[in-house]
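A.B. asks: Below are the chains, spelled out letter by letter.
Protein chains: 2
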Amino acid sequence: MAGVERYIEAHADEFLGELKDLCRIPSVAGNAAALAAAAAWIERVLRRDGARTELFEFPDGPPIVCAEAGDGPVTLLVYNHYDVQHPEPLDRWRTEPFEPSVAGGRLYCRGANDDKGNLMARIHAVRALAAAGGLPLKVKFLVEGEEESGAGERLARFVRGHAELLRADGCLWELSWKDAKGRPIVTCGLKGHLAVELTARGARTDMHSSNAAIVPNPAWRLVHALASLLDAGDRISIDGWTDEVRALTPAEEKAVRRIPFDEEGFRAQHGLRGFVRGLTGGDLVREYLYAPTCAICGLHAGYTGPGSKTVLPAEASAKLDFRFVPDMTSEAMLARLRRHLDARGFADVEVRSLGRFVPAATGTGDAIVEAAAAAARETSGREPIVYPVAPWSGPLGEVCGTLGIPSVAFGIGNPESNDHAPNENIVLDDYFEGIRCMAAFMRRYAAARRRPPGG
Amino acid sequence: MAGVERYIEAHADEFLGELKDLCRIPSVAGNAAALAAAAAWIERVLRRDGARTELFEFPDGPPIVCAEAGDGPVTLLVYNHYDVQHPEPLDRWRTEPFEPSVAGGRLYCRGANDDKGNLMARIHAVRALAAAGGLPLKVKFLVEGEEESGAGERLARFVRGHAELLRADGCLWELSWKDAKGRPIVTCGLKGHLAVELTARGARTDMHSSNAAIVPNPAWRLVHALASLLDAGDRISIDGWTDEVRALTPAEEKAVRRIPFDEEGFRAQHGLRGFVRGLTGGDLVREYLYAPTCAICGLHAGYTGPGSKTVLPAEASAKLDFRFVPDMTSEAMLARLRRHLDARGFADVEVRSLGRFVPAATGTGDAIVEAAAAAARETSGREPIVYPVAPWSGPLGEVCGTLGIPSVAFGIGNPESNDHAPNENIVLDDYFEGIRCMAAFMRRYAAARRRPPGG
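If you read the protein sequences in the order shown, they are chains W and C.
Using my numbering, read the first sequence as starting at 1 and increasing by one per residue.
Using my numbering, read the second sequence as starting at 1 and increasing by one per residue.
Think of the hints as simulated: they come from the structure by calculation, not from any bench.
It is possible that part of the hints are untrue.
Claimed, not checked - Partial selection, computed: residues in chain C whose CB lies under 7 Å from chain W:
id	residue
1	Thr53
2	Glu57
3	Phe275
4	His300
What the hints assert, rightly or not - Sample of chain C residues facing chain W (criterion: CB under 7 Å; computed from the structure):
id	residue
5	Pro87
6	Thr199
7	Ala232
8	Ile236
9	Leu279
10	Ile296
11	Leu312
12	Ala421
Using N, Cα and C, we set each Cβ at its ideal position, and we do this for glycine too.
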C-alpha cells in the first residue's frame, strides 16, 4: 500500500479542493439546477479519471450517475448520493453551510460527511489505486440525488431496469462513522424508513384566537392525534404496529451485548440527561439497532416568530419518521396508521406518505463484511465495531435487495459530524484515512473473492 | 348631522388617502423604526387638526401618543393602537400587506381594520364635527403601540402615572365589527388574556432522527404536555383552572339567549363543518362570550419546509393563548399551569409568559353603552347587537379599570375583515358609516352626560 499512501499524501490538496468544489453546490431537494450541476460535476470528475460514465436524466427528478472503472473478475458496486439535507436552521451554523471552511483540523459544510465526503473519498481511493499499480477489481459507481428526500421509488425502478449495468459481487454502501472513542463502525444493514406528514385542518383561513371557545383548532386536533401514536414512555401505541417485530435470537442477543456503546461519551456530546426510558447497557444497544421508531421531525402551526400572535391556525401539520425492521412493510404501516387514527376519532387528520425505504441486511460473516472490518482495523489501528444492522436508513434494499448482492458500509464520519444538523463536518485526518481504508478494502475484497470459497 | 355628513362626503378621498398613508407604515412588533414613525405620523395629523398633543417616548418600547381636542363639561377618552399584527403567512395574501389596495368596495391591507382604520375613523369624525359646528365634548386620544404584542404592563404603568391627563367620563374602546347579517356589534367588556410559550428541550443540537429509539425527542414531550392541557372534547383540563368561573345569573343567561348569532353564516364564511362540541344556540353564544379558552396559536419543532427531513429536533415550542373571565388572574393561572405540568411529569417543559391583559366590563345599561347603541342604530339603520362582554381582549382593564370609568366599543369592521389573518380588509362604506357613527355617538353621549341623571 506504500504507493497508494504516497499518492494520497502527494495529492492531499487536490483531493480536498475537489471535495470543497462539490460541497459548494447547494444540491438540496427542490433545487433542480444545483442537483443537476452536482451530478454533472461528478460525471466529469469520474470521466476525467478514466471511468466509463453515463448520466441518466429524468423529467421529474435529479439525474443518476453511473460509472465503471478498472476490470477483473470481481466487481464492487459503490453507492453514494450527491443530494444533501436542507441546511436549516441557518442561525445555528457558525459558518456558511455551502462555503466549505477548515478549522481545528475539520472541514465544515453541508455534505462534508453525508454524503459528498464519502463519495469523494471513494473516488479518490480509486484514483490513487489506479495511479499506484492499478485497480484490483472493477468498480461500478451508482450515485443518485434523492436519498435525503427519502424518495426511493425512482431508484428502485432504475435498479430493476438496469440490473445488468449494475451487476456486481457486492456493494460498498453509502457511509459510516467512528464512535466517540475513535472505533470505526462497520454496518451490515439498515432499518427501513417511512416518512409521512399528518395534517389537520380547521377554518378556511387563520382566524383571531378569540374564537377559540367555539371554532375547532386544528393544532389541538393534531396534538391529540399525535399523542395517541406514542405513549408517555416513548413506546409506539399505534394499534398492531409491532405485530411483525420478532424477538432477537439468543445468538443475536449475545452479539448485541458484545457491541460497545460509549453511553457517557454519547450523552456528554449531545448534552443528554439520559436515554429514552432510562435505557442502558445491552438494552440500549438492542433498542438502538433493532427497535422500530416513530419520531416527530417537524411540527408546524400558526405563528412561530418572536413574541405572540393571537391567531387560531387554519391548519397544523407534523412530519413523522418511522424506522422499521424486516417483515414490516411501509404499505401495512400506512394502512395501520390510517386505521388507528380513524378508530380514535381522527378520520379528519390527513396522512400523506413522503417517502420510504425497505429494510435490508447482510450476514456479519459475509466476505464483504470481513474485508471491510479488516481494512478498517488495518488503517485505523482500532478494533472496528460491527453493527448487524444500523439504526439509520437508505435505499439499501432498493439497490442490493433488488440485485441480490451483499453489502457493507464504512466511512469517514466522526461522532460529531452533525449530519442533518447545523455545522456538519469531517475530521480531515479521517478523510485521508478513509481513502486509505477504501483502497485497502478493495484489495482485500478482490483477493477474498478471487480465492475459491474454503480455499 | 347634515353638516357633518356633507363634510365627510366632501373629504372622502382625503380621509381614505390618510388611512392608506398610515397603513403603509409596517408597524409590527419588533420594528422599532416603523412603530416610531407611525406614532409620529399620528401625532402630526392630530396636531394639524388643532389638538394639543404629547408624544411619550420609552427607551425600550414604542411611544404613546396623547392628544386632546375640543372642550366642555363632558370628556370622552378614545383608545386605539397603531401597532399591527405580523402579516405572516405572506403566501396567503392576495395583495401586499403594507401596500393598501382597493378592490370590490374594500380596502385591503394589514391594519385596515385592526386598528388603524378604527383610529382614523375617529380622528376623521372629530375633524368633521369640529368643521361642522364644533365638537360637543372634550376628546382625549390615547394611542399606543403594544396592543398586538399583548404587553399591557407599560400601558398599565403609564395610565397609573398619568391618571389626571387621561381623566374622562367614559371611554370609547378600540374597535368592533358588524356581524354576517350587517348588524353592528356593540361591546361592553373584554375577556382577559394571557399569552405563554411552552418549550421542551432535548439534545444540545438537532440530531439525525435515526437516534429516535434512544434519544428523547422534545417534540414528543411537548405533544404529551399539551395533550394534558385540553381534553379531546376541547375542555381545559388544567388542574383547578376554572375554580373562579361562576355560573351566569338567570338574568345574564336570559340576556345571552337573546343575542343573535348567525351560526350558518359564520360556518359558511369560515368553512367550518361545525362548532366545538357541536355547540349551538344559546349554549354557543354563552361559551363564545363567557368561556375561558386555551388556544394553540403556534407550534414549532424541527423541519417544516417542503418534503421530509430526518431530523430529531433539539427543541419544540408552542405559543398558547388563554382567554379568561373576571375573578381569574394571570398570576394564579401561570402558577396553576406550572403546578399542573409538574404534577403530570412535565417539570422539564418551560413556561414563559409573553403578555397579559386583565378582563373588564361595563354594565349594558350604562349611558355610554346606550349612546353607542343609539348611534349605531341611527347610522346603520339596523338594531345593534350588544355583547355584555366580547370574546376578544385588550388593555381595557389596564386603562378603564385603572381610571374607574365605563367604556364601550363599536367600529368599522365586517365579518370578513380577517383581522390577524391574511387579506385584512374593511368595506369602504363601513368606513364612512363608522365616521358618522362616531360623530353621532359623541353628540349623544355629550347630551346624555350633560343632562342630570334621571332628568
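A.B. asks: All hints, please: hold or fail.
C.D. replies: Tested hints:
Given hint, C:Thr53 at the interface with chain W, is violated; its Cβ is 28 Å from that chain's nearest Cβ, farther than 7 Å. Look at C:Glu57: its Cβ only gets to about 21 Å from chain W, farther than 7 Å, so that hint breaks. The beta carbon of C:Phe275 comes within 5 Å of a beta carbon in chain W, closer than 7 Å, and the hint placing it at the interface holds. Here the hint on C:His300 is kept, as its CB sits about 4 Å from the closest CB of chain W, short of 7 Å.
The beta carbon of C:Pro87 comes no nearer than 10 Å to any beta carbon in chain W, farther than 7 Å, and the hint placing it at the interface is violated. Violation of the interface hint for C:Thr199 is found here, the shortest Cβ-Cβ separation to chain W being roughly 12 Å, above the 7 Å cut-off. The restraint placing C:Ala232 at the interface with chain W holds, with a minimum CB-CB distance near 6 Å, inside the 7 Å limit. Nearest Cβ of chain W to the Cβ of C:Ile236: about 10 Å, over the 7 Å cut. The hint is violated.
With a cut of 7 Å, the hint placing C:Leu279 at the interface with chain W holds, because the nearest CB-to-CB distance is about 6 Å. For C:Ile296, the interface hint holds, since its Cβ comes within 7 Å of a Cβ in chain W; the closest pair sits about 4 Å apart. Checking C:Leu312 against chain W by beta carbon gives a least distance of about 6 Å; that is within 7 Å, so the hint holds. Hint on C:Ala421 holds. Least Cβ distance to chain W is approximately 4 Å, under the 7 Å limit.
Comparing the model with each earlier hint shows violations of hints 1, 2, 5, 6 and 8; every other hint is respected.
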